[in-house]
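Since the structure of chain A is provided, determine the placement of chain B on it from the hints.
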Amino acid sequence: MRPACVNKVFELAKRDPRVTYIGSDLDPPITKRMKDEMPGRAWMEGVSEQHIVGMSAGLAMEGFIPYVHTIATFITRRCYEQVAVDLCLHNLPVRLIGNGGGLVYAPLGPTHLAIEDIAIMRALPNMTVVSVCDADEMKRFMDQTLDWPGPIYIRLAKGYDPIVSRAELGFTIGKAIVMREAAGGKSRVLMVTTGVATTRALEAADALEADGIECTIMHMHTVKPLDTAALIEHARDCDLIVTVEEHTIVGGLGSAVIDALVDAMPGTIPPVKRLGIPDAFAKNYGSQDQLMEIYGLQPPEIAQAVRDGLRRRAA
Amino acid sequence: MANDVALSAHAPGQQLDKRSIELRRLVVRALDGGARGHIGSSLSLIEIMRVLYDDILRYRADTPDWEERDRCILSKGHGCIAQYVMLAEKGFFPHEVLDTFCRRDSILGGHPEAGKIPGIEASTGALGHGLPIGVGRAMGLRIKQSDACVFVITGDGEINEGSVWEAALSASKHRLSNLNWMIDYNKVQSAGPTEEILPLEPLADKCRAFGFAVAEVDGHDVEALRRLLRTVPVDRERPTAIICHTVKGKGLSFAENDANWHHKSSINKELVAQMYDALEAL
Chain A
77 MRPACVNKVF
87 ELAKRDPRVT
97 YIGSDLDPPI
107 TKRMKDEMPG
117 RAWMEGVSEQ
127 HIVGMSAGLA
137 MEGFIPYVHT
147 IATFITRRCY
157 EQVAVDLCLH
167 NLPVRLIGNG
177 GGLVYAPLGP
187 THLAIEDIAI
197 MRALPNMTVV
207 SVCDADEMKR
217 FMDQTLDWPG
227 PIYIRLAKGY
237 DPIVSRAELG
247 FTIGKAIVMR
257 EAAGGKSRVL
267 MVTTGVATTR
277 ALEAADALEA
287 DGIECTIMHM
297 HTVKPLDTAA
307 LIEHARDCDL
317 IVTVEEHTIV
327 GGLGSAVIDA
337 LVDAMPGTIP
347 PVKRLGIPDA
357 FAKNYGSQDQ
367 LMEIYGLQPP
377 EIAQAVRDGL
387 RRRAA
Chain B
2 MANDVALSAH
12 APGQQLDKRS
22 IELRRLVVRA
32 LDGGARGHIG
42 SSLSLIEIMR
52 VLYDDILRYR
62 ADTPDWEERD
72 RCILSKGHGC
82 IAQYVMLAEK
92 GFFPHEVLDT
102 FCRRDSILGG
112 HPEAGKIPGI
122 EASTGALGHG
132 LPIGVGRAMG
142 LRIKQSDACV
152 FVITGDGEIN
162 EGSVWEAALS
172 ASKHRLSNLN
182 WMIDYNKVQS
192 AGPTEEILPL
202 EPLADKCRAF
212 GFAVAEVDGH
222 DVEALRRLLR
232 TVPVDRERPT
242 AIICHTVKGK
252 GLSFAENDAN
262 WHHKSSINKE
272 LVAQMYDALE
282 AL
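Protein sequence lines correspond, in order, to chains A and B. Position one of the first sequence corresponds to residue 77 (the numbering used here), numbered consecutively onward. Position one of the second sequence corresponds to residue 2 (the numbering used here), numbered consecutively onward.
Among the hints, a few may not be true.
[Stated by the list, open to error] Simulated pairs of lysine-lysine, BS3-like, Cα-Cα distance not exceeding 30 Å:
id: 1; chain 1: A; residue 1: Lys108; chain 2: B; residue 2: Lys174
id: 2; chain 1: B; residue 1: Lys174; chain 2: A; residue 2: Lys215
id: 3; chain 1: B; residue 1: Lys207; chain 2: A; residue 2: Lys84
id: 4; chain 1: A; residue 1: Lys84; chain 2: B; residue 2: Lys145
id: 5; chain 1: B; residue 1: Lys145; chain 2: A; residue 2: Lys111
id: 6; chain 1: A; residue 1: Lys108; chain 2: B; residue 2: Lys145
id: 7; chain 1: B; residue 1: Lys207; chain 2: A; residue 2: Lys90
id: 8; chain 1: B; residue 1: Lys207; chain 2: B; residue 2: Lys174
id: 9; chain 1: A; residue 1: Lys90; chain 2: B; residue 2: Lys174
id: 10; chain 1: A; residue 1: Lys215; chain 2: A; residue 2: Lys84
Please keep in mind that the hints were generated in silico from the structure rather than gathered at the bench.
Extracted from the complex, chain A is given alone in its bound form (with noise of 0.2 Å):
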C-alpha cells in the first residue's frame, strides 16, 4: 500500500506541474527518487512536522498540490494546530500520508502507534479522511486526489496486504462500497468497516455463512464525510449494525456510524456493536496482527462478536 501511494505521487507530478512532495526523514530509496523523478518539486525536510506542514500550507497557496509523507502518529499528533490552522482553516488542498495507520509500528510501542488519528483528524471542518483496505484500491484513489477541494489524511497500513478490493467496484471519495451483500441484498448484519479492518471482516463474514448468517459487509474508506445515504439505506432492517475499525473506540469510525445514526433514524436505529481498540493504551508489543487479536480484531473474535450481538438480540 505505501509503495502504491508513493509511486501514485510520481505518476501525478509527471502528470499535473503543481504537483509536490515533502518527506520529514524516512526511507533514503525515497529520497532518491524524488530527486531523480521529482526534481525541484520534492524535499526531505528532516523531523519537523510543525513547519512541513506549514511550508506545504504555503506551496498550496501558491497553487500548488503538496503531497506530506510521513509516520502516521507524527502527522496528526505532533502538529495538530498546524494541520487544524493552517490546512484546515484554510481549506488547502495538501495530502497528508500517515505511514503506519493502526498498530503496524506495534514492536516500537505506544509512542508510535496511530490509533486515534482519524478521530483527531475527523474532529477538523474541511478534513477529509481516508483508509483503503489494500493496494489496488490506493491507486484508484490517489487518481481522485489531485483535484479534489480540501485537505486529506490518507491513512497507510502495513504493506503487502492481500488484495480484497474490486476494480468493478469502482472508486469515489465518500462513497460506501458495499464489498458483499447477502442475495436480494436482506442481511441480518450489516458490517461498517475501514481500512484492513474490512479484510478481517470479510473473512469473519464467510465464517458466519457457514452459520447462515448473512453479513452485508460496508468499506466505509473514506471516514469523512461520511456516506450517510449508503449508511442509512442499508441500517434498516438488519438486526444488528458492527463496526470494525484498527482504531480507539472513542471518536473514530464506529463514533462516526453513531452520529449519523442518531442524526438519520432517531429512536429506531438497530443494536450497534463497536469493535475497536479500547479507550487505553497498548500495553503489549509484538506484531500488528497480535495486537489485533488482543484486541479482538481477527476475524474469528468479529465472527464471535457477531453471534454474540445476535444472541443479545434474540434473548
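For chain B alone, kept in the frame of chain A given last:
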C-alpha cells in the same frame, strides 16, 4: 559577518512624525470600535507596516490576489490592527470598516483571516505559523520563477515557538533569499519582559547561526527602515532576518514598555479619550 547590516542609530526617544501619529489615531479608532484589542502589540508595529505598505511592497488594492504581488504575512496576528490600518489607508477596504473591529459580522476579527479580509495572505493568531507558511510560499514563488518577495513579521514572544526555528533551518537550507523575516522586538511579551519570560539574547547571533543574513534597525525610524528594506535581500544566497528594535505601546506614554497594555478586553470611552490625548501631546 560579511553582508550583515550593522545596527542603525537607535534613538528610542525619537519623535513620531505626523503620519505615524495619524496612523496611531486610526488604531485607536479600531480599538474604540471593538472596545477591546491588542494595544501595545499593534503600536510597536506601526512604522514597520507603514514603511512596508508605503514604500516597499508591490500590491494592487483592487486586485488583492494579483500574482506579481509581494506576500506580506503578519505572523504575530494579534498585532493585526496595525495591518488593518495600512490596508484601509491603501484602499483594500474603506476606513469605516475599522469601526467594526471585532463586532459580530465584521470582516476584521481580533486576529486576521485570509479569505475574509482583502490583502490578508494567511490566517494567523496561533503563534509560530507564519514563518513555515512563508518558507512554503517562497519555495512556490521560486518554482514559478517569480521575483515576488515574502515578508513574514513575527513578534518576539512568538519566537518562543519551536516551529519558528524549524522553519528557520529550512529557509537557510533552501537559501531562500526571497524570504524576509522581520522580528518586532519590543522586548515585552504578554506576561512580562522577554528577558524574564524566556530570554532571546543573543538574538542576532541566533539568527546568524540559523543561516540568515541579519540586519538590525530602529523599528520606529521610518527613514532607517526605508533605507534598509530597499536593500533586501541583504545577501543573494541567504534569507534575511531583520531585527526591528521597537517599543511596546509606542506613542502612548502611559502604555510604553508595560505588559499590562499588551491587550485590553474592555476599552471604555474614557480610555479612548486618554489615548487620543496622549497622541495629541506628541
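Going through the hints against the structure:
As the CA atoms of Lys108 of chain A and Lys174 of chain B are separated by approximately 18 Å, the hinted pair is consistent with the 30 Å bound. Among the hinted pairs, Lys174 of chain B with Lys215 of chain A is inconsistent with the structure: their alpha-carbon atoms are about 33 Å apart, more than 30 Å. With a CA separation close to 41 Å, the supplied pair Lys207 of chain B and Lys84 of chain A exceeds the 30 Å bound. Our distance criterion of 30 Å between C-alpha atoms is met by Lys84 of chain A and Lys145 of chain B, whose separation comes to about 23 Å.
Taking the CA atoms of Lys145 of chain B and Lys111 of chain A, the gap is about 18 Å. The hint holds against a cut of 30 Å. About 23 Å separates the Cα atoms of Lys108 of chain A and Lys145 of chain B, which keeps this hinted pair within 30 Å; it holds. For a cut-off of 30 Å, the pair hint linking Lys207 of chain B to Lys90 of chain A is broken: about 40 Å separates their Cα positions. Distance restraint check for Lys207 of chain B and Lys174 of chain B: the Cα-Cα separation of roughly 16 Å lies within the 30 Å cut-off, and the hinted pair is therefore satisfied.
Between Lys90 of chain A and Lys174 of chain B, the direct Cα distance comes to roughly 25 Å. Compliance with the 30 Å bound is thereby established for this hinted pair. With a C-alpha separation of about 7 Å, the suggested pairing of Lys215 of chain A with Lys84 of chain A holds against the 30 Å cut-off.
When the structure is compared with the earlier hints, violations turn up for hints 2, 3 and 7 and for no others.
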